[in-house]
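These protein sequence lines map, in sequence, to chains A and B. Just so we're aligned, residue 1 is where the first sequence starts under the UniProt record's numbering, counting upward by one. Just so we're aligned, residue 1 is where the second sequence starts under the UniProt record's numbering, counting upward by one.
Bear in mind the hints are in silico, worked out from the structure with no lab data behind them. Predicted model only: the values in this text are computed from it and were never measured. Warning: the hint list may mix true and false statements.
[To be verified] Straight-line alpha carbon distances no greater than 20 Å define the calculated EDC-like cross-link-like pairs of lysine to aspartate or glutamate that follow: (1) A:73 to B:133; (2) A:247 to A:33; (3) A:217 to A:192; (4) A:73 to A:200; (5) A:73 to B:143; (6) B:101 to B:242; (7) A:102 to A:264; (8) B:101 to B:192; (9) B:101 to A:89; (10) A:247 to A:89; (11) A:73 to B:189.
[Claimed, not checked] Some chain B residues judged to face chain A by a derived CB distance under 10 Å, without partners named: (12) 35; (13) 42; (14) 63; (15) 144; (16) 256.
Ideal Cβ placement from N, Cα and C applies to all residues, glycine included.
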Amino acid sequence: MSVLEKVRPVRTPAAAREPRATDEHGRRIRVWELALRYLLLLAVLALTVGPFLWQLSTSLKGPTEDIFSSPPKFLPGDPTLHNYQRVADTIPVWDYAFNSLKVAAANVVTNCVGSALAGYALARLRYRGRRVATLVFILAMLVPVEGIIIAQFTTMRELGLNNTLIGVVLPGCIGAMNVLLMRNAFLNLPHEIEEAAYVDGANAWQRFLRIALPSVKGTLAVVAIFAFMGAWDDFLWPLIVLSDPSKFTLTIGLNYLHGTFANDERVVAAGTVIAVAPLIALFACLQRYFFRGVGEGAVKG
Amino acid sequence: MASSTVSRVRRHLPTSPWLFAAPGLLVVGVFVLYPFVSTLVNAFTDRRTLIPGRFVGLANFRELLHDDMFWIGLRNSALYVLGVVPALVLLPLLLALLVQKNIPGIGFFRSAFYTPVVASIVVVGLIWVWLLDERGLVNSLLETIGVGRVGFLSDQWLLLLSAMAVTVWKGLGYYMIIYLAALANVPRELHEAAAVDGAGAVRRFLTVTVPAVRSTMVLVGALSSVAAFKVFSEVYLMAGPDGGPAGEDTTLVMLVQRTGTGLTGRVGYASAMSVVVFVVTVGLMLLVLRADRKEEA
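Could you build the full structure based on these sequences and the hints that come with them?
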């Protein structure tokens, strides 16, 4: 193979990467159709992101500014961070955020470790009862959380962990869904990569840690992201398990703030911005993991 | 001593797979399967939070039949399914078609449309409470264009409709991604053949796209109907813990939460309601799957 032949295939994709409007069949799109598409996209953008921006704008409006004006004023006349100070004066918002962070971080660690271990056992290890173990996780995945939440609450009371952050973390700390996700990831690995290590005398733990685990980092990242978001966003379970305001997570604290401060929307708005900003930042950094497998292939055109 | 332990562990390797699975099995067993079984058992007792229950047979279920609040909850949860599911099956598909084409900046739009999915339901609920407030943005826009103010959060039915709209709004991006993945697998030859035959965009949508993503539509229907029936947060946040005017907007899961928690919680009675939640959820799944099979035949 000559050097020229090696170079050519590199150049073609480079040319194709230039911005070019094509449909899913690679054809060019007419200008009016393109304009219509952007118009629709902008309309949906206003509908999906607009409410967040309105909330941000409200949170920056000062006490003297009329937030009820008609027609509405979209930009704060004299932007101020005063409302964020007032949230902190009303509820210990930074403590709540820290509680949420602790719960979410614990959930990420336990879910990643627990479901990787169990997923590996279901996919790669041979033993009696493996099918039963798999079935247990499948059944657990099918049980709707809302239906068992009262029994989870009584179980937590029996364990004496009611009204603790550990109690918030425990029921979801190894999600059955995540175990099955990890199982599928391990199933898709070719057996050959582990066989060599097996022949060399590596035991199950060594094969798991050194060979299998590094190959499923992508799935592990997905589990981590969803574990973080799930814990940070959860509302119903912390609402049931936490009764002491000093232990609230951010979502429960916000609900509390909304209840006590419903008359000043600026303060509630500032609270919601505090709760949502870290998630949007996290999402912006990791968004390619959210669209894994979707962005590739035919969608790219 | 230590070395002999190690060699024994090596020789008895077949036990180690259970060590891998043990944490997961333990958590799922204690916090999912045990509560599931105890829900089924408690449903036949008069257990309260601090008082162990006695077996009462079907008394809880008989009481449910005469409990107005239960019927209100069941009605609202069922209405929620009817209101939300068609919108969540259709709108995200249209949205997926809109963002499918590879035009400059499309990645930004896809991510932006996903933002409501990422935001926590409490944030979303509170944002919409403010937007739909008597003096909020939606009403001030309506007043500006001369429609006048609407009591979205004070009327029983408008409140339920508003909550449904919020559920749809939050779910759009999530189901859009599922449809995008499905659309990626539609063979382009089908579209080309239809285009050659002179089929317009609407016709191609109905004759090519819809049949090709039909199984995904069924999946979205199943997922969204089960989720809609179990709705809690949106309505709780928009209507308040007591479920709006005279509790008329209470949903079934709100009722479970209200009845079964707290120091005086009626665990047995709430468990009986939870059993209804299980039965309807499983029923919805079977219904959707059955409809799927019928159409295939």
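Here's how the hints hold up against the structure:
1. The straight-line distance between the Cα atoms of residue 73 (chain A) and residue 133 (chain B) is roughly 16 Å, inside the 20 Å bound, and the hint therefore holds.
2. For the proposed pair residue 247 (chain A) and residue 33 (chain A), the alpha carbon gap of about 54 Å is over 20 Å, so the pair is violated.
3. Note on residue 217 (chain A) and residue 192 (chain A): the hinted pairing holds, with a Cα-Cα distance of about 19 Å set against a maximum of 20 Å.
4. For the suggested pair residue 73 (chain A) and residue 200 (chain A), the alpha carbons sit about 71 Å apart, so the restraint of at most 20 Å is broken.
5. A threshold of 20 Å between alpha carbons decides the hint, and for residue 73 (chain A) with residue 143 (chain B) the separation of about 14 Å falls inside it, so the pair holds.
6. Distance check on the hinted pair: residue 101 (chain B) and residue 242 (chain B) sit about 46 Å apart at the alpha-carbon level, beyond 20 Å; violated.
7. Among the hinted pairs, residue 102 (chain A) with residue 264 (chain A) is inconsistent with the structure: their alpha-carbon atoms are about 29 Å apart, more than 20 Å.
8. Under the criterion of a C-alpha separation no larger than 20 Å, the hint pairing residue 101 (chain B) with residue 192 (chain B) is consistent with the structure, at around 16 Å.
9. Distance restraint check for residue 101 (chain B) and residue 89 (chain A): the Cα-Cα separation of roughly 48 Å exceeds the 20 Å cut-off, and the hinted pair is therefore not satisfied.
10. With a CA separation close to 17 Å, the supplied pair residue 247 (chain A) and residue 89 (chain A) stays within the 20 Å bound.
11. A hinted pair counts as satisfied when its Cα atoms are at most 20 Å apart, and residue 73 (chain A) with residue 189 (chain B) does not qualify at roughly 50 Å.
12. This hint holds: residue 35 (chain B) has a C-beta 3 Å from the nearest C-beta of chain A, less than the 10 Å allowed.
13. Against a cut-off of 10 Å between C-beta atoms, the interface hint on residue 42 (chain B) holds, since the closest Cβ of chain A lies about 7 Å away.
14. With its C-beta approaching chain A no nearer than about 16 Å, residue 63 (chain B) sits outside the 10 Å limit, and its interface hint is violated.
15. At about 4 Å, the closest approach between the beta carbon of residue 144 (chain B) and any beta carbon in chain A falls short of 10 Å, and the interface hint on this residue holds.
16. Here the hint on residue 256 (chain B) is kept, as its CB sits about 6 Å from the closest CB of chain A, short of 10 Å.
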